[in-house]
Structures are given as C-alpha cells and as structure tokens.
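Note that my numbering numbers the sequence shown so that position 252 is 808, with each residue one more than the last.
Some hints could be false.
Calculated cross-link-like contacts (lysine to any residue; reagent style SDA-like; alpha-carbon spacing at most 20 Å) [claimed, not checked]: (1) Lys1009 <-> His992; (2) Lys859 <-> Ser872; (3) Lys666 <-> Phe636; (4) Lys859 <-> Lys770; (5) Lys620 <-> Thr918; (6) Lys970 <-> Gln923; (7) Lys666 <-> Ala683; (8) Lys970 <-> Glu952; (9) Lys620 <-> Glu645; (10) Lys660 <-> Phe636.
Keep in mind that the hints were calculated from the coordinates and are not lab data. Since we're looking at a predicted model, the values are computed, not measured.
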Amino acid sequence: MSGWRNITFTSGHAMYPLVDQVMQCIYRTVNPRCHLPSLSYRENESGYEPSIVILNLREGSQMKTHFMINLNSMNIHDKFEDTRFSIPEEIQSAATQLREYARKVVREGKEAEEARRREEALRLQKAREEHRKRVQASIICSWKPRAEFFPEYRHSIVVLSRKVCLTKMTRRSYPAMGRDCPLCSAQPTSCGSCRIISCSNIDCKASAAVPIVKCHTHPSRNSCTSCLESPMGFLPRLGQCPICTHWFCSEELYWCIGRPLPNESTGGVEPSSSTIGGSGMVTRLHPTRPISCFSTACKTSSKEAQGVGRRCGNTSCWSVLSMSTTVCPDCTTQDSFSCPCSKYWTCGSCESQSSTVAKLITCPRCQQSFCSSCSYYIGHCRLCECVGLCNDCMEEEGEGEDIKHTQVVNIFVKCENCGVLLCETCTDDAESFCAHCEQRMCNGCGDKSEVCKRCVDYEVGNAYDDGFYDDEW
557 MSGWRNITFT
567 SGHAMYPLVD
577 QVMQCIYRTV
587 NPRCHLPSLS
597 YRENESGYEP
607 SIVILNLREG
617 SQMKTHFMIN
627 LNSMNIHDKF
637 EDTRFSIPEE
647 IQSAATQLRE
657 YARKVVREGK
667 EAEEARRREE
677 ALRLQKAREE
687 HRKRVQASII
697 CSWKPRAEFF
707 PEYRHSIVVL
717 SRKVCLTKMT
727 RRSYPAMGRD
737 CPLCSAQPTS
747 CGSCRIISCS
757 NIDCKASAAV
767 PIVKCHTHPS
777 RNSCTSCLES
787 PMGFLPRLGQ
797 CPICTHWFCS
807 EELYWCIGRP
817 LPNESTGGVE
827 PSSSTIGGSG
837 MVTRLHPTRP
847 ISCFSTACKT
857 SSKEAQGVGR
867 RCGNTSCWSV
877 LSMSTTVCPD
887 CTTQDSFSCP
897 CSKYWTCGSC
907 ESQSSTVAKL
917 ITCPRCQQSF
927 CSSCSYYIGH
937 CRLCECVGLC
947 NDCMEEEGEG
957 EDIKHTQVVN
967 IFVKCENCGV
977 LLCETCTDDA
987 ESFCAHCEQR
997 MCNGCGDKSE
1007 VCKRCVDYEV
1017 GNAYDDGFYD
1027 DEW
C-alpha cells in the first residue's frame, strides 16, 4: 500500500489502553501473544492531516487481519466473514481519541520535516557565507601582499582577485589576456558548478584557499569542495575513493547513502523515492559516502578489509538510488538474507523480508528459505507454485528418516527447451512435444512455437551450410 504509514501498538505504548478497550469490546478474550493491533493512515495532499485512519486487528500465528476499523466512518469490516457493522457506542470515545492521535502524529511529523528543511537551508546558507569569507581572506592574505612586493603584477592580481567574486555573466566580458595566477603563474581553473576561480597548482596558496578537485578519468569535470556538500541521500558530482584517494565522478564510484533510521513517531522506515535523493529529509545512519572506485585493485582491497558494499535484491530498497549505490556493512542488519545459490541477497533493513516483496520459497520441512529463481537447491513448480523438499531434506528422506510434514511433491520435470521446472500434475495437464524431434516442452514453449529451440538452431545451421544466407542473396 503505497503512501500508508503504520503504528504498531505494544503493551508499553501510551495509546495501548485505548486499543485494548476496543479489542475487549470486539473480542471476548484478548491474548497479547495472539493479537497484534496496528494503526494505518494516509496523509492528504497538504501533509498536515490524515485522509483516512484504519485500526487493524491481526491475530493468529501468521498475524492475518481479522477486523479493519475505519476511524473516519466509524465502521468495522470483518475480513473473515466479509461483513460490515457500526462501531459500538461504548468504544466510540476511544476510537475518536485514536483518530485524534493519528492526526497529532501526522501534524507533528510534518512540522518536524519543515524544521529539518529550514535547518538544512540555514546550513547551506552558512556554508556559502563561509565560502565567500574564505575567498575574501585568500585575496587579502595572499594576493595583496604579493602585489606590494611585485608592483608590475598589481594589475593582474587585482583582476584575478576581483574575478573570484564575479558572477558568471560579468566574467564573460573580461578579455582572455592576463588570467594566469599572480602567485605562481599557473593556469587558473574554475568550479564546474558555481564557476569560482582558483589556481590549478595544488601547491599554490591560492589553490589552498579555494580547493578545486577534478575527476581522475575526466579532468574537465571539476568542482570546488563547497559545491560537493550535498544533503544526506544525494550523490555529489564527485567523490574521493577512500583506498586510492583519487577523485572520480559519482557514477564511477560505489556509494552507500546511509540506512534510514526509524521515525520516532511512527516506528517505520521511509523507503527511498524513485527519484534520486528521495525526500532528502530522512535521518540516516551516516552521510553519503563512497566505498571504492571501479578499479580491480581498490575493489579487492575493499573486499579484504570487509568494507565492500552489496546490492540489495529488493528493487524498492532505500539503497536503490542509482546503479552504483550499494549497502555497506554498517547498514546491513541481522535480518539480512542470502540465498544458498549466492545470486540473491537482501540487506534486511528494508521491506525485503516480506513475502509480497521478496517472493521467497520455503522448504516445507526445514523451513529454509530460497529465492524464487533458485532451482538447484529446491524444486518449485512455475505453474501451480507448489514447493518440494530442498536437497538436504531429500538426502535425509533417502536415508530413511521419519518425515513429519504434509504431502509434498518431490518429483519435478524440467522443460528441455526453457529449463522451467513443473510438477507431475502440471506436466500431465500442460504438456507439448516438438513437431520434429518430439522432445517434451512445457505449455508456455508449446504456445510460442511448435518446434523446440534445438531444432530451430539445427535448421538455421544447415541453412548456413547450404549457402542460403550468403551475401549474394
């Protein structure tokens, strides 16, 4: 449910007595171990009010939702019986207080977000002001004394010092002559974003006053250090590899933007936006930082130091910002999942473990989870989605051990054409054969073509041998 926020009520929550009052009215007996109440709400366009507030009462080992209480219309939906009825009068006061609590949470969250935006704007404004003062200090401390000792360079020093604070449009009117650094006579360089001018000689005092870095592989792409300061969750234009210390473009580095920390008011984690940077106002475990560049030596060193990042298999994970963003070891939680096939991994800090996102398959005996594309360790029918035993349980079954589980389909047939596994039932119901070699194919391959891939390749190969595909034709 996109746009929904959840608040889970436990026995220590301040609003739990009201929730318990509602549950005592609906249920005859309430077992805290078997019931899990939670409040779900969606914000309206302004962000200050919830458009709808739902109290979900879940129960059972799988915590399925039994009752959905709409606190806006004061109606109850029994999901098991598919019936609807009004809220009893004895709990209408408690339901109203829960609705007001949700409004308070939304309003306080919006106010906190606006406060963070104001703080971020003030921080950037302060950084720009410090940058301007640093530039002026470099003019006074470096270029002015130099002009007093070398009167012949006074004109060029004044021109270069004034150009530091010029706008882009004004600077275009200056002639191309006399732009060398008056301290070391090196060629000047400018930031690719704000166009501020500095010396290209890294040993010059003017360069230290206004540091400008450039990409190791693209020297024309450069930026001053002030422009590289970006809000958390954004990728800067350039980054420094922590291993080789070279500067690279952001797309030439592996990054970690920092795991979002749970929101104090809701206890949830805001997923990453589909656009670069998301909202940018999420509190994160650490600022955006590079992990390593793409060179083999740096990736090997990062792996040996156990600092290499991994790509989460959940496409809606907070870490999926660009093709080069990964999850660093600091942001990986204990709930991370790695399939035995080593082709699927999730960080555990997003919704990757939920069945609706991960689509994992589980062995019915040992309860070991596997990714949906794992066919080497466990059988999984692609049509009816029935799951067989994993390889370890199959070996134990072969040794004659007692198997305590329901009837499990352990015989799967592999389509010789596409490699998909099908159980015996689906194989009998959906079976096709190649029109040439009578090779067994699944129903999906049979609908696409009456000839298997091997026979098609054989016919094309013979056509080339017979000259049907010569250039003359």
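Hints and how they fare:
no. : hint               : verdict
1   : Lys1009 <-> His992 : 11 Å, holds
2   : Lys859 <-> Ser872  : 25 Å, violated
3   : Lys666 <-> Phe636  : 36 Å, violated
4   : Lys859 <-> Lys770  : 26 Å, violated
5   : Lys620 <-> Thr918  : 19 Å, holds
6   : Lys970 <-> Gln923  : 24 Å, violated
7   : Lys666 <-> Ala683  : 26 Å, violated
8   : Lys970 <-> Glu952  : 23 Å, violated
9   : Lys620 <-> Glu645  : 26 Å, violated
10  : Lys660 <-> Phe636  : 31 Å, violated
When the structure is compared with the earlier hints, violations turn up for hints 2, 3, 4, 6, 7, 8, 9 and 10 and for no others.
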